[in-house]
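So the protein sequences, as listed, match chains A and B.
According to the working numbering, the residues represented by the first sequence are 1 to 346, in order.
According to the working numbering, the residues represented by the second sequence are 1 to 263, in order.
Hints may be right or wrong, so weigh each one.
Unchecked claim - Calculated cross-link-like contacts (lysine to any residue; reagent style SDA-like; alpha-carbon spacing at most 25 Å):
(1) Lys88(B) - Leu78(A)
(2) Lys88(B) - Arg77(A)
(3) Lys175(A) - Ile139(A)
(4) Lys88(B) - Pro96(A)
(5) Lys88(B) - Val110(A)
(6) Lys88(B) - Ile139(A)
(7) Lys109(A) - Thr160(B)
(8) Lys88(B) - Glu60(A)
(9) Lys88(B) - Ser91(A)
(10) Lys42(B) - Ile232(B)
(11) Lys109(A) - Asn183(B)
(12) Lys109(A) - Phe177(B)
(13) Lys88(B) - Lys175(A)
These are computed hints drawn from the structure, not numbers from a lab.
All values derive from a computational prediction rather than experimental measurement.
Here is how the chains run, residue by residue.
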Amino acid sequence: MSAQPGAVSIRLERCAKTFAGGTRALEPLDLAIAAGETIVLLGPSGCGKTTSLRLIAGLESPDPGGSVLFGDKDVTRLPIERRNVGMVFQSYALFPNLDVRGNVGYGLKVRGVAAAEREQRIDEMLAMMQIAPLAARRIDQLSGGQKQRVALARALAVQPRALLLDEPLTALDAKLRDQLRLEINALLRRLGITTVYVTHDQAEAMALGDRIAVMNRGSVVQIGTPRDIYRAPADRFVAEFIGTMNRLAGDVRDGVFLCPGGRLPWKGDAPTREVLFRPEDVAIVAPAEAELTGTVAAAIFLGDRTRLSISGVGAEPIIVEASGRQIFKLGDTVHLRIADGALLCL
Amino acid sequence: MTRTGSFYAQLAVTALIGAFLIVPVILSVVAGLTVNFFQGLKSGLTLRWIGEVWSLYSGTVYLSLLVAFACLGATLLLGVPAAYVLAKRQSRWTRLVEELLMLPVAVPGLATALALILLYGGFREFRTSWHFILVGHVLFTLPFMVRAVLAVLTSIDLATLEEGASSLGASFAQRFFGIVLPNCRSGILAGALMVVTLSIGEFNMTWMLHTPLTKTLPVGFADSYASMRIEIGSAYTIVFFFMIVPLLLLVQRFARLGALDRQ
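Using the sequences and the hints given, assemble the complete structure.
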């Protein structure tokens, strides 16, 4: 990834947001986004991710004491129309009174870009988003995926200093979402534009983010690369929000973690009463190699693999993934082994 | 499709109701065109009465049109921004304002007119000019404009559209004229036709507010029924129809278009 010349770094300093009525949407937040970086704000609804985005956009202003910086410039008091950001909304917010061309060119028009230059830029954008054949369509004649492409073209046409996306794929069906996610990813890499992407979908966050900021109850809980967040979650909220995490209660005795389903080697020095691990770190093995034993409580065939729910290992069933070729019946006894270094203790 | 007895029963009821509504209209029109209504059609048909209405009352037609279009201008200037503010700021207070705006429709026109006379009757120049009638009409028709525009504004995601426009660099004026107004066009058109139609037909309030020199069409109409022969009053009805029916047809058409827009 290389930052494009116009890309700008963004910094939030002590940005809190309290809405009229006293609801604290955002605790004081410090966040630094490098020029050209794609950062994903991820979290459940009400976690403050959209509020953070709107602070960056200039659609909300932070409580007194907070400031928003683009590069070295303090833009806290600058309204959105003077921040030069491109924004894509969950509902697209395309203008029904204008056709596709008119929508894409709107930002250039209000900025007073001359007609010839404007038309050329619109053509470039339409070509880039592969929507040139739709140029004369009315907005209500477009599908959801087409609308999202128009929205992206419109936001990028003004060559914004940063691109801000608020759950842009949420309104689309699963297949289209996957396809557009790939396209957006390729586009962001190619453009090298500073991007803030808000979503509640962890798969989207993993696929798109250079870094992910996981948010909960108005605060950033952890910030890091997708790999960091997945492999080394900072706390149980992150661990359970991203991917699937198994929990197993037990006791450490003489370097061994003991639980109802068996025993696990325990190398950590601190004693713990609970370990966590991902389904993909559990292998189904021969009885002689087993660390844990349980019975199949549920088996969901997913085609390429089978997702098993195993009871008898701990208080709650644990989730294990097996090859789709193996056949499991309810009540089968399975023997499990957990990969080295996969145990987490939070 | 075989038609059952209930079909014919429904047809009969519909025809009866239709007749109940339409027969008086036809009678009025015929009366306005016959030489002598009491002798009936055999006395012959004539345009004489319409000519006489025109020579006696053409001033009321012009005044009605003047008032109606001035009223339209005022309700556009007041009502569209009012609807915009009401749509943007949904609170207890704006709902109260919305209800207050409806009051002149609920209160009898005579009462509103009386209040206007009590309040402004002392200003002679104002009292005797057509502006006095205009004020009454604006009070009465404003809620129709506000409601029509508000209905469209609340059916589109106004806040997000404006945020989208401002993210692209549009100032308030650019947003308002380039995005907000064009997207509530169907509401503005429906409201405008409603305002013109209501203003042309308004009688209650206008009857109280008018002076002998500021008679609108419906007031002249009442005047002719009370003091002229029945044929002249009926011919007046024809003139009135010619003005109001095309407007009503347009209202219907735009109401349908507006409904399509919102789908």
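Verification of the hints:
Distance check on the hinted pair: Lys88(B) and Leu78(A) sit about 22 Å apart at the alpha-carbon level, within 25 Å; holds. For the hint linking Lys88(B) to Arg77(A), the alpha-carbon distance of about 22 Å falls within 25 Å, and the restraint holds. For the hint pairing Lys175(A) with Ile139(A), the CA-to-CA distance comes to about 22 Å; that is within 25 Å, so the pair holds. At most 25 Å may separate the alpha-carbon atoms for a hinted pair to count; Lys88(B) and Pro96(A) meet this at roughly 19 Å.
For a cut-off of 25 Å, the pair hint linking Lys88(B) to Val110(A) stands: about 22 Å separates their Cα positions. A C-alpha spacing of about 23 Å is found between Lys88(B) and Ile139(A), which places the hinted pair at or below 25 Å, so the restraint holds. Between Lys109(A) and Thr160(B) the alpha-carbon distance is near 19 Å, which keeps this suggested pair within the 25 Å criterion. Restraint check: the Cα-Cα separation between Lys88(B) and Glu60(A) comes to about 16 Å, which is no more than 25 Å; the hinted pair holds.
For the hint linking Lys88(B) to Ser91(A), the alpha-carbon distance of about 18 Å falls within 25 Å, and the restraint holds. Only pairs whose Cα atoms come within 25 Å are accepted, and Lys42(B) paired with Ile232(B) is accepted, the gap being roughly 18 Å. At most 25 Å may separate the alpha-carbon atoms for a hinted pair to count; Lys109(A) and Asn183(B) meet this at roughly 18 Å. Between Lys109(A) and Phe177(B) the CA atoms are separated by roughly 13 Å; this keeps the pair inside 25 Å, and the hint holds.
Among the hinted pairs, Lys88(B) with Lys175(A) is inconsistent with the structure: their alpha-carbon atoms are about 36 Å apart, more than 25 Å.
Taken one by one, the earlier hints fail for this structure only at number 13.
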